[in-house]
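Based on the sequences and whatever the hints tell you, model everything.
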Amino acid sequence: MKKEHIFDLDFTDIMDPKFDRRDFIRAAGGGIFIFMLLGHLPLEAQQESTARPQLPTDFNAFLRIGEDGRVSLFTGKIEMGQGVITSLAQMLADELDVELTTIDMVMGDTDLCPWDMGTFGSMSTRFFGPPLREAGAEGRHVLIQLAAEYLNVPAGELITVDGVVYNNHNKNQKVTYAQLAKGKAIGRHATGKVPVKTPDQFKVMGKSYNHQDAFVKVTGKAHYAGDIRLPGMLYAAVLRPPSHAANRTSLDLSEARKVNGAVVIHDNDLVAVLHELPDVAEETLTKIKATYDIPESDLNEKTIFDHLLRVAPAGEQIAKNGSQTVGTRLSATVVEKTYLDGYVAHAPIEPHTAVAHVEGDKATVWPSSQTPFRAKDEVAEALGLKAKNVRIISPFVGGGFGGKSRNLQVVEAARLSKLSGKPVMVAWTRGDEFFKDSFRPAAVVKIRSGIDKTGHLMLWNYDVYFAGQRGATHFYSIPNSLTVSRYPRWGEKSPHPFAVGAWRAPGNNTNTFARESHIDIMAAAAGIDPVEFRLQNLTDPKMTGVLKAAAKKFGWTPAKGPSGRGYGVALGIDAGTYVASMAEVEVDTKTGKIRVKRVLAAQDMGLAVNPEGSAIQMEGCITMGLGYALAEELHFKGGAVQDLNFDSYDIPRFSWLPEIETVIIDAKNDPPQGGGEPAIVTMGAVIANAVFDAVGARVLQMPLTPERVLEAMKEKG
Amino acid sequence: MPDKRRNYYLSAHTEINPRIMNETIQFNLNGESVRVTTDSDRLLLWVLRTDLGLTGTKYGCGEGICGACTVLINDEAVRSCITSLKEVENKKVVTIEGLAHNDKPNVLQQAFMDHDALQCGYCTPGMIMNATALLKHNPHPTREQIIAGMNDNLCRCGAHKRIMEAVETAAKETGGQ
Numbered sequence: 001m002k003k004e005h006i007f008d009l010d011f012t013d014i015m016d017p018k019f020d021r022r023d024f025i026r027a028a029g030g031g032i033f034i035f036m037l038l039g040h041l042p043l044e045a046q047q048e049s050t051a052r053p054q055l056p057t058d059f060n061a062f063l064r065i066g067e068d069g070r071v072s073l074f075t076g077k078i079e080m081g082q083g084v085i086t087s088l089a090q091m092l093a094d095e096l097d098v099e100l101t102t103i104d105m106v107m108g109d110t111d112l113c114p115w116d117m118g119t120f121g122s123m124s125t126r127f128f129g130p131p132l133r134e135a136g137a138e139g140r141h142v143l144i145q146l147a148a149e150y151l152n153v154p155a156g157e158l159i160t161v162d163g164v165v166y167n168n169h170n171k172n173q174k175v176t177y178a179q180l181a182k183g184k185a186i187g188r189h190a191t192g193k194v195p196v197k198t199p200d201q202f203k204v205m206g207k208s209y210n211h212q213d214a215f216v217k218v219t220g221k222a223h224y225a226g227d228i229r230l231p232g233m234l235y236a237a238v239l240r241p242p243s244h245a246a247n248r249t250s251l252d253l254s255e256a257r258k259v260n261g262a263v264v265i266h267d268n269d270l271v272a273v274l275h276e277l278p279d280v281a282e283e284t285l286t287k288i289k290a291t292y293d294i295p296e297s298d299l300n301e302k303t304i305f306d307h308l309l310r311v312a313p314a315g316e317q318i319a320k321n322g323s324q325t326v327g328t329r330l331s332a333t334v335v336e337k338t339y340l341d342g343y344v345a346h347a348p349i350e351p352h353t354a355v356a357h358v359e360g361d362k363a364t365v366w367p368s369s370q371t372p373f374r375a376k377d378e379v380a381e382a383l384g385l386k387a388k389n390v391r392i393i394s395p396f397v398g399g400g401f402g403g404k405s406r407n408l409q410v411v412e413a414a415r416l417s418k419l420s421g422k423p424v425m426v427a428w429t430r431g432d433e434f435f436k437d438s439f440r441p442a443a444v445v446k447i448r449s450g451i452d453k454t455g456h457l458m459l460w461n462y463d464v465y466f467a468g469q470r471g472a473t474h475f476y477s478i479p480n481s482l483t484v485s486r487y488p489r490w491g492e493k494s495p496h497p498f499a500v501g502a503w504r505a506p507g508n509n510t511n512t513f514a515r516e517s518h519i520d521i522m523a524a525a526a527g528i529d530p531v532e533f534r535l536q537n538l539t540d541p542k543m544t545g546v547l548k549a550a551a552k553k554f555g556w557t558p559a560k561g562p563s564g565r566g567y568g569v570a571l572g573i574d575a576g577t578y579v580a581s582m583a584e585v586e587v588d589t590k591t592g593k594i595r596v597k598r599v600l601a602a603q604d605m606g607l608a609v610n611p612e613g614s615a616i617q618m619e620g621c622i623t624m625g626l627g628y629a630l631a632e633e634l635h636f637k638g639g640a641v642q643d644l645n646f647d648s649y650d651i652p653r654f655s656w657l658p659e660i661e662t663v664i665i666d667a668k669n670d671p672p673q674g675g676g677e678p679a680i681v682t683m684g685a686v687i688a689n690a691v692f693d694a695v696g697a698r699v700l701q702m703p704l705t706p707e708r709v710l711e712a713m714k715e716k717g
Numbered sequence: 718m719p720d721k722r723r724n725y726y727l728s729a730h731t732e733i734n735p736r737i738m739n740e741t742i743q744f745n746l747n748g749e750s751v752r753v754t755t756d757s758d759r760l761l762l763w764v765l766r767t768d769l770g771l772t773g774t775k776y777g778c779g780e781g782i783c784g785a786c787t788v789l790i791n792d793e794a795v796r797s798c799i800t801s802l803k804e805v806e807n808k809k810v811v812t813i814e815g816l817a818h819n820d821k822p823n824v825l826q827q828a829f830m831d832h833d834a835l836q837c838g839y840c841t842p843g844m845i846m847n848a849t850a851l852l853k854h855n856p857h858p859t860r861e862q863i864i865a866g867m868n869d870n871l872c873r874c875g876a877h878k879r880i881m882e883a884v885e886t887a888a889k890e891t892g893g894q
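Listed in order, the protein sequences are those of chains A and B. Read the first sequence against my numbering and you will find it ends at 717, with the numbers running on by one and no gaps. Read the second sequence against my numbering and you will find it ends at 894, with the numbers running on by one and no gaps.
Any given hint could be a false lead.
[Said to hold, decoys possible] Reference listing, derived: stretches of chain A covered by chain B, where coverage requires no fewer than 3 residues with Cβ under 8 Å from a Cβ of chain B:
| id | segment |
| --- | --- |
| 1 | 76-90 |
| 2 | 101-114 |
| 3 | 183-190 |
| 4 | 297-303 |
| 5 | 648-655 |
[Unchecked claim] Listed next, the in silico SDA-like pairs over lysine to any residue satisfying Cα-Cα at most 20 Å (straight line):
| id | chain 1 | residue 1 | chain 2 | residue 2 |
| --- | --- | --- | --- | --- |
| 6 | A | Lys221 | B | Asp831 |
| 7 | A | Lys446 | A | Phe475 |
| 8 | A | Lys422 | B | Val824 |
| 9 | A | Lys207 | A | Val161 |
| 10 | A | Lys221 | B | Thr767 |
| 11 | B | Lys821 | A | His223 |
| 12 | A | Lys221 | B | Val824 |
Simulated from the structure, these hints should not be mistaken for lab results. In this text, all values refer to a predicted model and were calculated from it rather than measured experimentally. Positions of the beta carbon are idealized from the N, C-alpha and C atoms, including for glycine.
Pasting the structure below:
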């Protein structure tokens with residue numbers, strides 16, 4: 001994958017989208033094609049493809065071995081920093097026996113790539129990896145068959161090395177993949193019958209490679225949506241109401257209309273200024289006078305939790321074993337606590353951006369989106385176009401974290417392009433981003449649990465309000481356990497004053513904070529070291545394994561909490577990956593300020609395709625997780641978001657940085673699991689537990705602000 | 718009352734002039750002399766990205782908080798989103814595009830690549846420009862000095878650890894030169 005191949009987007013050659021294999025072959029040029037289908041589609045994708053019969057059900061990615069010997073992988077996934085541009089290429093290179101540098105990734109182009117549900121949930125490697133490897137193996141098999149004919153040597157005597165097929169007994173007899181692909185237009189389906197490589201045969205997988213997109217990113221050459229330039233393009237500034245609950249009562253566009261070169265658009269809810277200079281568009285927007293009616297609201301970051309409890313729907317039982325009555329009877333000590341978690345913003349450094357070019361009945365859009373195929377449908381619907389006439393081309397995405405699964409800016413740009421007849425860029429300002437983004441939902445978790453006299457968990461009652469189910473169930477061995485989740489059903493009214501959505505490991509950050517804080521409380525109640533306590537209540541060998549690995553590397557020695565050392569531990573499972581985190585903190589007892597000195601995360605993620613890439617994701621999780629654990633909390637009054645920039649919404653900085661260590665369990669015989677999210681889920685609890693260990697105070701609400709630490713210390717007395 | 722969501726231009730415009738006053742501003746950009754004729758109150762970020770087509774310098778917050786738009790002006794790291802064009806008149810401006818020679822990354826860029834000191838890459842140009850100025854002024858910074866010098870550049874992916882390591886490596890290799 002040479003640098004120049006990574007951002008090789010063609011902005012002018014727009015084809016009709018097709019879902020037929022022959023059309024993909026034609027569109028992509030000649031060569032040998034292998035089509036593949038995700039082995040075990042997550043439920044959402046299964047439902048989506050059944051609901052929409054035009055979607056390809058037989059393949060959703062394919063690879064091409066081109067006549068020049070280069071290998072292209074066409075996938076609807078996008079690259080937003082998680083590193084799949086490298087790890088997917090590694091898997092393919094290994095199975096095909098080509099050098100990593102001969103692979104070109106064609107990502108997120110809805111005309112060139114078959115349908116994909118989106119890039120989220122740490123699923124790219126987990127669900128895409130196995131079929132991708134099978135397709136690579138199949139491709140290599142096809143090449144060997146072709147070479148057998150070409151060289152007139154039995155297939156069994158041929159070997160493949162770096163894109164060349166050799167006669168194993170006579171290395172002079174050889175043919176390159178490029179020669180074999182020449183003049184061919186062969187399409188094959190991955191059958192899954194050709195065996196993939198075993199870990200001892202790996203040459204590329206399991207080894208660390210630098211990010212393949214690093215060069216373009218350090219030289220300013222990488223193009224994000226905001227860097228797309230089209231002839232005649234106008235920049236939009238979109239009018240925003242002061243609150244999500246506001247109703248506009250008047251609108252005066254006259255002053256804005258006087259500005260030279262400004263195009264003022266008013267289309268129902270959409271009011272915007274377009275100009276060939278983005279700053280002039282923004283400036284002109286301030287000349288629009290609008291008044292609003294804003295209903296009174298008592299909701300804010302303090303009152304939201306009572307509100308959530310009040311409006312909560314009936315719970316859905318998501319796990320149950322044993323009997324709550326028996327559990328209560330068997331418990332010598334029962335502890336009941338309520339945990340709170342506020343709204344958190346995604347706050348990617350690149351705000352939502354899109355360039356749209358609508359020409360007649362066709363539209364092309366370059367968005368910052370985690371869901372290009374969803375964006376395609378949304379544009380088609382908003383403009384009344386046929387979906388096949390809409391093409392989404394994905395540039396690099398400057399951070400998503402779940403927030404860019406929602407494509408409001410794409411629809412804004414498409415509508416404005418249609419209304420103005422010009423290509424239009426909508427690039428949200430930072431204030432737009434804080435206002436229009438979806439947030440990690442505020443949530444409440446109530447836990448009641450009991451231990452017997454030997455410190456064994458006998459009872460677990462878990463009731464989660466609005467965080468969602470991910471991470472709500474536990475992995476401890478508890479004979480009497482009930483887990484209930486309360487979440488609005490589809491179509492039910494949202495209890496939130498603005499949009500909420502998936503935020504890196506959705507639900508699991510809140511759930512793991514509550515569960516692992518509570519487990520720590522039970523350990524202290526039992527008078528047992530929190531690591532020992534966890535080990536004696538765990539039977540899952542994978543979890544025991546990561547916990548022991550973490551304790552060993554961290555240098556954890558058993559001590560009953562609070563030990564005064566400021567050590568914390570927390571466990572979690574996310575996206576199939578098991579995580580054990582440990583932290584050391586220092587608490588300023590006068591100010592309540594927490595200094596996180598050290599964080600270690602150990603994880604069992606099956607095969608780590610790119611171990612360095614996995615470590616980078618873990619470090620990112622730890623660093624980003626410091627934010628929601630220590631400081632991030634959205635302030636609002638009803639639907640009026642009050643944090644509109646990084647001055648009042650503080651995200652992690654260099655000065656927050658603890659010493660970070662990562663451990664990846666060697667499990668290369670197990671299928672790869674998620675890597676982009678797991679190590680963030682434990683961050684709230686590991687710090688809360690370390691704070692307890694340091695000063696004996698238990699903070700039950702995230703983020704752990706100095707005020708909350710001081711308050712908890714006061715309560716402790 | 719100005720809408721706080723939209724105030725990124727206000728530092729340059731306390732009052733909006735309906736007639737754009739065009740002026741020609743000359744400055745040195747990445748080693749070459751350029752002349753831009755436009756309203757000289759406009760912000761450097763947009764002039765770079767739009768008028769001059771250099772899109773490596775990024776918009777992140779519009780208020781000089783996040784550092785994604787950092788460029789060098791006479792060797793000082795400056796936030797181009799709160800700097801007007803007229804402020805760079807006859808000065809030397811360097812953007813991320815001005816660091817590599819013949820597509821060969823410079824020492825600091827190479828260190829970012831070698832340490833994988835980036836994820837989504839959006840804050841990277843600002844990080845590199847800020848670190849460039851840091852090393853120019855202090856070729857042998859301590860870890861604490863790097864933290865203090867980089868602290869106002871924000872990264873959301875959490876690449877901080879490796880950015881620190883990259884800056885340390887570059888400092889060792891070149892002494893900041």
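Hints versus structure:
For the segment 76-90 of chain A, the stated coverage by chain B is satisfied: 4 residues place a CB nearer than 8 Å to a CB of that chain, which reaches the threshold of 3. Counting residues of the segment 101-114 of chain A whose beta carbon lies closer than 8 Å to any beta carbon of chain B gives 0, which falls short of the minimum of three for the stated coverage. Judged by the Cβ-Cβ criterion of 8 Å, the segment 183-190 of chain A is not covered by chain B as claimed, because only 0 of its residues qualify and three are needed. A stretch counts as covered by a chain when three or more of its residues have a beta carbon under 8 Å from one of that chain; for the segment 297-303 of chain A and chain B the count is 0, and the coverage is violated.
For the segment 648-655 of chain A, the stated coverage by chain B holds: 5 residues have a C-beta nearer than 8 Å to a C-beta of that chain, and at least 3 were required. A distance of roughly 18 Å separates the Cα atoms of A/Lys221 and B/Asp831; the hinted pair therefore holds under the 20 Å criterion. This hinted pair checks out: A/Lys446 and A/Phe475 have alpha carbons roughly 18 Å apart, not beyond 20 Å. A distance of roughly 42 Å separates the Cα atoms of A/Lys422 and B/Val824; the hinted pair therefore is violated under the 20 Å criterion.
Between A/Lys207 and A/Val161 the CA atoms are separated by roughly 18 Å; this keeps the pair inside 20 Å, and the hint holds. A distance of roughly 15 Å separates the Cα atoms of A/Lys221 and B/Thr767; the hinted pair therefore holds under the 20 Å criterion. With a C-alpha separation of about 19 Å, the suggested pair B/Lys821 and A/His223 falls inside the 20 Å cut-off, and the hint holds. Restraint check for A/Lys221 and B/Val824: the C-alpha separation of about 17 Å stays at or below 20 Å, so the hint holds.
The structure is inconsistent with the numbered hints 2, 3, 4 and 8, although it conforms to all the rest.
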